[in-house]
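*Asks:* Read off the chains here:
2 protein chains.
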Amino acid sequence: MFFVLQMAISNIRYGEGVTKEVGMDLQNLGAKRVCLMTDRNLSQLPPVDAVLNSLTKSGINFQMYDNVRVEPTDQSFLDAIEFAKKGEFDAYVAVGGGSVIDTCKAANLYASSPTSDFLDYVNAPIGKGKAVTVPLKPLIAVPTTAGTGSETTGVAIFDFKELKVKTGIASRAIKPTLGIIDPLHTLSMPERIVANSGFDVLCHALESYTPLPYKMRSPCPSNPINRPAYQGSNPISDVWALHALRIVAKYLKRAIRNPEDREARANMHLASAFAGIGFGNAGVHLCHGMSYPISGLVKTYKPKDYNVDHSLVPHGLSVVLTSPAVFAFTAQVHPERHLEAAEILGADIRTARIKDAGLILADTLRKFLFDLNVDDGLAAIGYSKADIPALVKGTLPQERVTKLSPRPQTEEDLSALFEASMKLY
Amino acid sequence: MFFVLQMAISNIRYGEGVTKEVGMDLQNLGAKRVCLMTDRNLSQLPPVDAVLNSLTKSGINFQMYDNVRVEPTDQSFLDAIEFAKKGEFDAYVAVGGGSVIDTCKAANLYASSPTSDFLDYVNAPIGKGKAVTVPLKPLIAVPTTAGTGSETTGVAIFDFKELKVKTGIASRAIKPTLGIIDPLHTLSMPERIVANSGFDVLCHALESYTPLPYKMRSPCPSNPINRPAYQGSNPISDVWALHALRIVAKYLKRAIRNPEDREARANMHLASAFAGIGFGNAGVHLCHGMSYPISGLVKTYKPKDYNVDHSLVPHGLSVVLTSPAVFAFTAQVHPERHLEAAEILGADIRTARIKDAGLILADTLRKFLFDLNVDDGLAAIGYSKADIPALVKGTLPQERVTKLSPRPQTEEDLSALFEASMKLY
Numbered sequence: 001m002f003f004v005l006q007m008a009i010s011n012i013r014y015g016e017g018v019t020k021e022v023g024m025d026l027q028n029l030g031a032k033r034v035c036l037m038t039d040r041n042l043s044q045l046p047p048v049d050a051v052l053n054s055l056t057k058s059g060i061n062f063q064m065y066d067n068v069r070v071e072p073t074d075q076s077f078l079d080a081i082e083f084a085k086k087g088e089f090d091a092y093v094a095v096g097g098g099s100v101i102d103t104c105k106a107a108n109l110y111a112s113s114p115t116s117d118f119l120d121y122v123n124a125p126i127g128k129g130k131a132v133t134v135p136l137k138p139l140i141a142v143p144t145t146a147g148t149g150s151e152t153t154g155v156a157i158f159d160f161k162e163l164k165v166k167t168g169i170a171s172r173a174i175k176p177t178l179g180i181i182d183p184l185h186t187l188s189m190p191e192r193i194v195a196n197s198g199f200d201v202l203c204h205a206l207e208s209y210t211p212l213p214y215k216m217r218s219p220c221p222s223n224p225i226n227r228p229a230y231q232g233s234n235p236i237s238d239v240w241a242l243h244a245l246r247i248v249a250k251y252l253k254r255a256i257r258n259p260e261d262r263e264a265r266a267n268m269h270l271a272s273a274f275a276g277i278g279f280g281n282a283g284v285h286l287c288h289g290m291s292y293p294i295s296g297l298v299k300t301y302k303p304k305d306y307n308v309d310h311s312l313v314p315h316g317l318s319v320v321l322t323s324p325a326v327f328a329f330t331a332q333v334h335p336e337r338h339l340e341a342a343e344i345l346g347a348d349i350r351t352a353r354i355k356d357a358g359l360i361l362a363d364t365l366r367k368f369l370f371d372l373n374v375d376d377g378l379a380a381i382g383y384s385k386a387d388i389p390a391l392v393k394g395t396l397p398q399e400r401v402t403k404l405s406p407r408p409q410t411e412e413d414l415s416a417l418f419e420a421s422m423k424l425y
Numbered sequence: 001m002f003f004v005l006q007m008a009i010s011n012i013r014y015g016e017g018v019t020k021e022v023g024m025d026l027q028n029l030g031a032k033r034v035c036l037m038t039d040r041n042l043s044q045l046p047p048v049d050a051v052l053n054s055l056t057k058s059g060i061n062f063q064m065y066d067n068v069r070v071e072p073t074d075q076s077f078l079d080a081i082e083f084a085k086k087g088e089f090d091a092y093v094a095v096g097g098g099s100v101i102d103t104c105k106a107a108n109l110y111a112s113s114p115t116s117d118f119l120d121y122v123n124a125p126i127g128k129g130k131a132v133t134v135p136l137k138p139l140i141a142v143p144t145t146a147g148t149g150s151e152t153t154g155v156a157i158f159d160f161k162e163l164k165v166k167t168g169i170a171s172r173a174i175k176p177t178l179g180i181i182d183p184l185h186t187l188s189m190p191e192r193i194v195a196n197s198g199f200d201v202l203c204h205a206l207e208s209y210t211p212l213p214y215k216m217r218s219p220c221p222s223n224p225i226n227r228p229a230y231q232g233s234n235p236i237s238d239v240w241a242l243h244a245l246r247i248v249a250k251y252l253k254r255a256i257r258n259p260e261d262r263e264a265r266a267n268m269h270l271a272s273a274f275a276g277i278g279f280g281n282a283g284v285h286l287c288h289g290m291s292y293p294i295s296g297l298v299k300t301y302k303p304k305d306y307n308v309d310h311s312l313v314p315h316g317l318s319v320v321l322t323s324p325a326v327f328a329f330t331a332q333v334h335p336e337r338h339l340e341a342a343e344i345l346g347a348d349i350r351t352a353r354i355k356d357a358g359l360i361l362a363d364t365l366r367k368f369l370f371d372l373n374v375d376d377g378l379a380a381i382g383y384s385k386a387d388i389p390a391l392v393k394g395t396l397p398q399e400r401v402t403k404l405s406p407r408p409q410t411e412e413d414l415s416a417l418f419e420a421s422m423k424l425y
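As you go down the protein sequences, you meet chains A and B in turn.
For what it's worth, the UniProt record's numbering labels the leading residue of the first sequence as 1, then goes sequentially.
For what it's worth, the UniProt record's numbering labels the leading residue of the second sequence as 1, then goes sequentially.
Wrong hints could be hidden among the right ones.
In this list, chains with the same sequence are indistinguishable; a pair is considered to hold if it fits within one copy or across any two.
Unchecked claim - Once the Cα atoms are required to be at most 25 Å apart in a straight line, the calculated SDA-like pairs of lysine to any residue come out as:
(1) K423 - T56
(2) K57 - P228
(3) K215 - V239
(4) K20 - P235
(5) K215 - E263
(6) K403 - F370
(7) K128 - L372
(8) K393 - E419
(9) K253 - L163
(10) K253 - P235
(11) K250 - V239
Calculated from the structure, these hints are not laboratory results.
Hey, can you work out the whole structure from these sequences and the hints?
*Replies:* In structure tokens, the structure reads:
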């Protein structure tokens, strides 16, 4: 038995205007039939324009699929997969937030493995969690939000409608070939999208800095292909998590408040990729595990600034609302890491006691969210105490991430965490 | 015109005993004919044994090439390329230091591009520096020294005998598919090999933290495929360079002095990969540029602990001997970075003046080398003032790296740097 750390770190390219190179990249890849994937809002906006111009200029033959659902479902994944299978594409370009990039990963995977059943690659225990051994086509991801980090990870998340839970596909094999990080795209993001996607970066950094260490995971898989993408905290992801957290501390508020603050928005765009490299290898834990039912069980909440025709809790919001309760709960395992995170986020810890680390980080997060006008807890987005059993039940199948929590949790613990997250301020 | 940062970061796997997985990796890749490349010394040692056992256990069909030259030449590259072409391999495993891994990269490249002339891919101005557009076979690198970082980079260096200079091939396309970093392999390294390979890590970190920033490079290539692997300092490689430097400061002396210090040797093995990710994207500059003629013009120097039948200056030694002079010269451009590096290496900078940054880093390096019984400068390895014109002449073609120096240098500057490096203490 031995402990192993495996890092699969995406290629990224960063620069203002760099999107205009995507046509040349596809030429260099020898692509003859390209699938351009986006969502309907974005299809009218500058990032997709920039990609279309570049494809046209390079004479790339492509078909556009703009039917991606914001917060995708198994049905919306299947629709995109169908399109990909029919198109027989030899390369993909995804232009959008995590929803678009994740949908494109799934489309590429199942079109490359046409005889597979949809559940084959879905995470166990919901799906079979099979290892991906088929070769995929190149996928270039052009993120338009600063949050998901999906351009650097091997994860694709969707709502499984039948079970009313979020789950996903996780394999290094579906990681994009290249992430094109063009901060110009973030300049057109509305305020709440900047905020909510920024909260996703914040939680990626905090959760990937505090999970179970990789040396404490067991059992060790006997074949390296079965090693999970999410490995637990490790000396490489630690570097990225802390680096991303420092950028969030410095730039997130500025990026939210001032759309013209190019420095802040560019730095958040890069932080999103950095945090992606961190959590894409270390994993996330309770905030993400609990967020899936918070999104999946949404009632009538319609967030400001999201132009969609269905209720939704934006992913970043669903993640951050439980963060004060979660880190107060987990701090007893690595209190020094929780205190360090609080200090990076602005807490004065000179006279702090290590045993208060969790409370200090929770208070720091509450203040951070209050300053940014975040909804006051789960109650403010439509949940009440009566919903807690369903929220707990929706969290239980998320063991791919919840088992990465440094502190094991019972159903009672989860109930208490949801209850403590009903009201924040 | 816009500034672009492109990061191509290798996949690495780290853990004691992890070498035993290589057979399964090749199975998972579907490899049917594998080339195992190493050198004659290593072919008798535990790292190659571990790989052979793993290949046999997984029933992998392979041929072994153990004719790699330590500090390879164009001739030794061509010999390995010939072997690779004949073997029609579908995967490669390189077990060794930088010499082995670099040779294997070249063998994979030219066997995948059989009609190319050798000079086609060699760096300009010596070769044509053509972009690599052919697909290569998977290459798994198993480093046995903690220095080169070659398992993470797209660079392969060799001595061009006719011109008596070191040069190389640099392309993201030749980067290994996977680096297997097994710290068990470093336990059998003799003292001077630990020291010299550690100096390579030290200089990778220092040089990749101080080159010309990527935003000051010009001209910008019009097609991304022509963007150089070495881009100049940037916010991502900075993270890796500083992280590697901190590990070197903490563990290099311990790793050299005590072969049983598993913690120190394991950390240096990981630092080598981290520094590789840093310099593989940011580049190196004058220490490396000047090191190539120092190695290439070797007279009779035979280092302790290297079991070879020809004179050689180990790469790490050829790099580090000029480091005090180089950083005293470059510090005027980014003095704060030089001072920060000196502090990480143990200097007390509380009362330091920023204008003394270069001298402080130079003194810190001299003390570091003195403590480790390093030869007292170029004079101690056989050079005299009379050799300086030839050393300068051998540096001039290294513009791929020397142009990354933050401070431009004339031939007179190079002469002065070599002269200042004749004696260190």
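*Asks:* None of the hints should be skipped; say for each whether it holds.
*Replies:* Status of the hints after comparison with the structure:
Neither within a single protomer nor between protomers do K423 and T56 lie at most 25 Å apart by alpha-carbon distance, with minima of 51 Å and 61 Å respectively. Taking the closest pair of Cα atoms, K57 and P228 come within 25 Å of each other only across two copies (24 Å); inside a single copy the shortest separation is 40 Å, beyond that limit. Taking identical chains as interchangeable, the C-alpha atoms of K215 and V239 lie at most 25 Å apart whether they share a chain (17 Å) or sit on different chains (24 Å). When the C-alpha separation of K20 and P235 is checked against a cutoff of 25 Å, the pair qualifies only between copies, where the shortest distance is 22 Å, while the shortest distance within a copy is 36 Å.
Only between protomers do K215 and E263 lie at most 25 Å apart by alpha-carbon distance; the minimum there is 15 Å, versus 38 Å within a single protomer. Neither within a single protomer nor between protomers do K403 and F370 lie at most 25 Å apart by alpha-carbon distance, with minima of 30 Å and 50 Å respectively. In this assembly of identical chains, K128 and L372 lie within 25 Å of each other by CA distance neither inside one copy nor across copies; the values are 41 Å within and 55 Å between. Taking identical chains as interchangeable, the C-alpha atoms of K393 and E419 lie at most 25 Å apart only when both belong to the same chain, with a minimum of 14 Å there against 73 Å between chains.
In this homomeric assembly, K253 and L163 never come within 25 Å of each other (Cα to Cα): the closest approach is 36 Å inside a single copy and 57 Å across copies. In this assembly of identical chains, K253 and P235 lie within 25 Å of each other by CA distance solely across copies; the values are 21 Å between and 29 Å within a copy. For the identical chains of this complex, K250 and V239 are neighbours both inside a copy (17 Å) and across copies (17 Å), given an alpha-carbon limit of 25 Å.
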